[in-house]
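Colleague: Read off the chains here:
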Amino acid sequence: MTASVLSLELSELELKRGDRLLVSGLSFSLRPGQLALVTGPNGCGKTTLLRTIAGLARPAAGSIRLGGQLVTKLEPIDRGHIAYQAHLEGLKKDLTVRENILFFMEIRGVSDSEHEVMQELGIEAYADRSLRQLSAGQKRRVALAVLKLGGAKLWLLDEPLTNLDPEGRELVSGWLNQHLADQGMAIVATHLAAELKRPGSLLVEL
Amino acid sequence: MKLPLWFHRFGSPPYVYGLANSVAPWLGGAGLILVAIGSYLGLAVAPPDYLQGDVYRIIYIHPQTAYVGMMAYTLMAVSAGIGFIWHIKLAHAVAVSAAPIGASFTFCALVTGAIWGRPTWGTYWEWGDPRLMFELLLLFLFLGYLALRASFDERDKADRVSAVLAFVGIVNVPIIHYSVLWWNTLHQGPTISRLDAPAMDTAMLVPFLIMVAGFTAVFYWLLLRRLQGEILEREQGTRWLRDFVRGTAA
Amino acid sequence: MAGSAFLSILRRDLRLAFRRVSEWANPLLFFTAVAGMFPLALSPDRLAMSPGEGELYGLQSLGIGVLWMAALLSSLMGLDRLFLNDADDGSMEQLVLSPAPLLSIVYGKLAAHWLVSALPLILLVPVFGLVYQLTADAIAMLAFALFLATPALTVLVAIGAALTVNVRSAAAVIGLVVLPLCAPILIYGARATALALDAESAAQPLYLIASFTFLAVSLGPIAIAAAVRVGLE
Numbered sequence: 003m004t005a006s007v008l009s010l011e012l013s014e015l016e017l018k019r020g021d022r023l024l025v026s027g028l029s030f031s032l033r034p035g036q037l038a039l040v041t042g043p044n045g046c047g048k049t050t051l052l053r054t055i056a057g058l059a060r061p062a063a064g065s066i067r068l069g070g071q072l073v074t075k076l077e078p079i080d081r082g083h084i085a086y087q088a089h090l091e092g093l094k095k096d097l098t099v100r101e102n103i104l105f106f107m108e109i110r111g112v113s114d115s116e117h118e119v120m121q122e123l124g125i126e127a128y129a130d131r132s133l134r135q136l137s138a139g140q141k142r143r144v145a146l147a148v149l150k151l152g153g154a155k156l157w158l159l160d161e162p163l164t165n166l167d168p169e170g171r172e173l174v175s176g177w178l179n180q181h182l183a184d185q186g187m188a189i190v191a192t193h194l195a196a197e198l199k200r201p202g203s204l205l206v207e208l
Numbered sequence: 004m005k006l007p008l009w010f011h012r013f014g015s016p017p018y019v020y021g022l023a024n025s026v027a028p029w030l031g032g033a034g035l036i037l038v039a040i041g042s043y044l045g046l047a048v049a050p051p052d053y054l055q056g057d058v059y060r061i062i063y064i065h066p067q068t069a070y071v072g073m074m075a076y077t078l079m080a081v082s083a084g085i086g087f088i089w090h091i092k093l094a095h096a097v098a099v100s101a102a103p104i105g106a107s108f109t110f111c112a113l114v115t116g117a118i119w120g121r122p123t124w125g126t127y128w129e130w131g132d133p134r135l136m137f138e139l140l141l142l143f144l145f146l147g148y149l150a151l152r153a154s155f156d157e158r159d160k161a162d163r164v165s166a167v168l169a170f171v172g173i174v175n176v177p178i179i180h181y182s183v184l185w186w187n188t189l190h191q192g193p194t195i196s197r198l199d200a201p202a203m204d205t206a207m208l209v210p211f212l213i214m215v216a217g218f219t220a221v222f223y224w225l226l227l228r229r230l231q232g233e234i235l236e237r238e239q240g241t242r243w244l245r246d247f248v249r250g251t252a253a
Numbered sequence: 002m003a004g005s006a007f008l009s010i011l012r013r014d015l016r017l018a019f020r021r022v023s024e025w026a027n028p029l030l031f032f033t034a035v036a037g038m039f040p041l042a043l044s045p046d047r048l049a050m051s052p053g054e055g056e057l058y059g060l061q062s063l064g065i066g067v068l069w070m071a072a073l074l075s076s077l078m079g080l081d082r083l084f085l086n087d088a089d090d091g092s093m094e095q096l097v098l099s100p101a102p103l104l105s106i107v108y109g110k111l112a113a114h115w116l117v118s119a120l121p122l123i124l125l126v127p128v129f130g131l132v133y134q135l136t137a138d139a140i141a142m143l144a145f146a147l148f149l150a151t152p153a154l155t156v157l158v159a160i161g162a163a164l165t166v167n168v169r170s171a172a173a174v175i176g177l178v179v180l181p182l183c184a185p186i187l188i189y190g191a192r193a194t195a196l197a198l199d200a201e202s203a204a205q206p207l208y209l210i211a212s213f214t215f216l217a218v219s220l221g222p223i224a225i226a227a228a229v230r231v232g233l234e
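Chains as they are written, first to last, in my numbering: chain A, 3 to 208; chain B, 4 to 253; chain C, 2 to 234.
Keep in mind that the hints were calculated from the coordinates and are not lab data.
One or more hints might be untrue.
Below, simulated SDA-like cross-link-like pairs (lysine to any residue); rule was C-alpha separation at most 25 Å, straight line [unchecked claim]:
(1) K95(A) <-> Y58(C)
(2) K150(A) <-> I175(C)
(3) K160(B) <-> L85(C)
(4) K92(B) <-> C111(B)
(5) K18(A) <-> P16(B)
(6) K160(B) <-> L180(C)
(7) K92(B) <-> G139(A)
(8) K199(A) <-> R33(A)
(9) K160(B) <-> I175(C)
(10) K95(A) <-> E24(C)
(11) K95(A) <-> A112(C)
(12) K95(A) <-> G139(A)
(13) K18(A) <-> L235(B)
(14) K95(A) <-> N86(C)
(15) K95(A) <-> L180(C)
(16) K141(A) <-> D89(C)
(17) K18(A) <-> W243(B)
(18) K141(A) <-> S9(C)
(19) K95(A) <-> S9(C)
(20) K160(B) <-> L103(C)
(21) K92(B) <-> K199(A)
(22) K150(A) <-> L8(C)
(23) K160(B) <-> I223(C)
(24) K18(A) <-> E236(B)
(25) K160(B) <-> E234(C)
(26) K75(A) <-> E122(A)
(27) K150(A) <-> S5(C)
(28) K95(A) <-> L8(C)
(29) K160(B) <-> N27(C)
(30) K160(B) <-> D90(C)
(31) K75(A) <-> I175(C)
(32) K160(B) <-> G232(B)
(33) K141(A) <-> R16(C)
(34) K18(A) <-> D159(B)
(35) K160(B) <-> L220(C)
(36) K92(B) <-> R20(C)
(37) K95(A) <-> V22(C)
(38) K92(B) <-> G111(A)
(39) K141(A) <-> E122(A)
(40) K18(A) <-> V97(C)
Quick caveat, the model's predicted, so the values are computed rather than measured.
Bound-form chain A, shown alone:
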């Protein structure tokens, strides 16, 4: 699957939590360079939708295809095309920033230097501090650095602007714009749609 022609297709998607129907008949497609914003009240299924697109859960009905292949049946190598940023950062609190980042680089088979990414996000300054000692905003920045590693084409972001100061939020927006300009795709679940909206973006209201 070549990365350049990747597109995401959702078709007649139905999501359930237990017996409760969250989403039904959802269909849309995402092209390279496009952004989709998912909005809705708490508990309406934004996180479930993102997790299902990531391939962690199976939809009750319908299909999600990335580059023509079902996301639940992606080859391990192709899994690198999707980067999912959940509420929980997925970082180990007892490791330092650098150790966390290096670990993810090993797991994802990335051989670049970690310095660039760390510098861009302004986290070089505390690279060798344990995550326990960081503030929520700083941890978010580290999570974003991990997101950026591996060059995933599809970003799935669950409330990426929480816990960030205005400078941090600007950084994320800028980052997102850069990613989209590089022909990446992104689906962002957010309460702050206004901050991230740009021309050509899809709005999915649950």
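Take the given structure of chain A and dock chains B and C to it, following the hints.
Modeller: Positioned in the frame of chain A, the structure of chains B and C alone reads:
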């Protein structure tokens, strides 16, 4: 994976419900009749054993309950596996219906075995005896499956997680079966094996086999009834069930 | 990729273990407490197992049972750590989503867990063997049998942990399923040690333990990976 049409029919709750409804009474009837005949032949007609006297007559109950228990577990594990791999909810329904019945039969096997053991081996139970231990493990696996299910709020999750457990436990079934061949145990060797002629006299063999058939039929009768109940519970709110209930009420 | 994922996880989990000392130290302290305090609960005259056999034999027989049981219980104590930590901070999700094979990740975690919880136990056990006045042969056999058996125990406990990662009270399942599954290992391990104590060949129980371990280590992780995936659904 493309599945044949008949497979899809068996995945349809209304179809299976209807099938179970028509088949179950026959199985129940046949089962009870077979058990009655087998009991009569085994207890009254068959001659006493030259070694054990009349005590041996537990052979008309004990091995059958053990066999049904192992068959139940195999059915449970295979159904749970099918449900897990192909996401067929009805398969999970079969597994959860089989569990309590299998547990009961296994419990009976252990109890009848203990009753038999006292006069023949001198003890009700022997810790460290492989066959006894693995049979007890089988009971625990059934109970563990049900306990694990109970700890989940969502039925889907309960189905899928417990399916992994059911599948892991399947290794126990061949271990129980071969334990008498692999180890020196108090337990006697298998009476019926596929390739050799059975070691029993015909007068004893006939009731033995009748009881096997009878208990098996009873098991499936109970299974189908439980399965029907399970389907009713899982399919609450569906159109077919509403129509079905209205149909019967009218 | 597979080999490096195994090593990456192994290194990470070992590093984490050394930074959270109580996680691996507690089970060992528990083992020490149980094994050390048992003799206090028994008066010497009750230790004679049969007429003619002195108290020594009674103490030794007790020791074999206690040490094996304590080893088993302390393996259970490390259960939480295996998957709960990763589930709690979302790293399990990231690992499952990564290109690394889940099976390699599972093996890496199991290896790290064994190194940190079973290996110290194997080294600690001879000390208690002396407390229970076991012969040198018996102590060596105990350590060797534990070395053979602990990988299987690790896998079995991990299966329980993976299945119950989202469950509130895992105690029921653990008690009903993991302990009985570990029972054969307990029985044969104790038997091997007892045979060594009587200066007899313990080959048969050792072979059995080795086959349990082989079976558990080759098939168990597949079930664990499936359980982890299902837990995230």
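Colleague: It remains to establish, for every hint, whether it holds in the given structure.
Modeller: Checked hints:
{"no.": "1", "hint": "K95(A) <-> Y58(C)", "result": "violated, 50 Å"}
{"no.": "2", "hint": "K150(A) <-> I175(C)", "result": "violated, 40 Å"}
{"no.": "3", "hint": "K160(B) <-> L85(C)", "result": "holds, 17 Å"}
{"no.": "4", "hint": "K92(B) <-> C111(B)", "result": "violated, 30 Å"}
{"no.": "5", "hint": "K18(A) <-> P16(B)", "result": "holds, 20 Å"}
{"no.": "6", "hint": "K160(B) <-> L180(C)", "result": "holds, 23 Å"}
{"no.": "7", "hint": "K92(B) <-> G139(A)", "result": "violated, 44 Å"}
{"no.": "8", "hint": "K199(A) <-> R33(A)", "result": "holds, 16 Å"}
{"no.": "9", "hint": "K160(B) <-> I175(C)", "result": "holds, 18 Å"}
{"no.": "10", "hint": "K95(A) <-> E24(C)", "result": "holds, 15 Å"}
{"no.": "11", "hint": "K95(A) <-> A112(C)", "result": "holds, 21 Å"}
{"no.": "12", "hint": "K95(A) <-> G139(A)", "result": "holds, 14 Å"}
{"no.": "13", "hint": "K18(A) <-> L235(B)", "result": "holds, 20 Å"}
{"no.": "14", "hint": "K95(A) <-> N86(C)", "result": "holds, 10 Å"}
{"no.": "15", "hint": "K95(A) <-> L180(C)", "result": "violated, 32 Å"}
{"no.": "16", "hint": "K141(A) <-> D89(C)", "result": "holds, 16 Å"}
{"no.": "17", "hint": "K18(A) <-> W243(B)", "result": "holds, 20 Å"}
{"no.": "18", "hint": "K141(A) <-> S9(C)", "result": "holds, 22 Å"}
{"no.": "19", "hint": "K95(A) <-> S9(C)", "result": "holds, 17 Å"}
{"no.": "20", "hint": "K160(B) <-> L103(C)", "result": "holds, 20 Å"}
{"no.": "21", "hint": "K92(B) <-> K199(A)", "result": "violated, 41 Å"}
{"no.": "22", "hint": "K150(A) <-> L8(C)", "result": "holds, 23 Å"}
{"no.": "23", "hint": "K160(B) <-> I223(C)", "result": "holds, 19 Å"}
{"no.": "24", "hint": "K18(A) <-> E236(B)", "result": "holds, 18 Å"}
{"no.": "25", "hint": "K160(B) <-> E234(C)", "result": "holds, 8 Å"}
{"no.": "26", "hint": "K75(A) <-> E122(A)", "result": "violated, 34 Å"}
{"no.": "27", "hint": "K150(A) <-> S5(C)", "result": "holds, 21 Å"}
{"no.": "28", "hint": "K95(A) <-> L8(C)", "result": "holds, 20 Å"}
{"no.": "29", "hint": "K160(B) <-> N27(C)", "result": "violated, 32 Å"}
{"no.": "30", "hint": "K160(B) <-> D90(C)", "result": "holds, 21 Å"}
{"no.": "31", "hint": "K75(A) <-> I175(C)", "result": "violated, 32 Å"}
{"no.": "32", "hint": "K160(B) <-> G232(B)", "result": "holds, 20 Å"}
{"no.": "33", "hint": "K141(A) <-> R16(C)", "result": "holds, 20 Å"}
{"no.": "34", "hint": "K18(A) <-> D159(B)", "result": "holds, 10 Å"}
{"no.": "35", "hint": "K160(B) <-> L220(C)", "result": "holds, 23 Å"}
{"no.": "36", "hint": "K92(B) <-> R20(C)", "result": "violated, 44 Å"}
{"no.": "37", "hint": "K95(A) <-> V22(C)", "result": "holds, 14 Å"}
{"no.": "38", "hint": "K92(B) <-> G111(A)", "result": "violated, 38 Å"}
{"no.": "39", "hint": "K141(A) <-> E122(A)", "result": "holds, 15 Å"}
{"no.": "40", "hint": "K18(A) <-> V97(C)", "result": "holds, 22 Å"}
Against the hints set out earlier in the document, violations occur for numbers 1, 2, 4, 7, 15, 21, 26, 29, 31, 36, 38.
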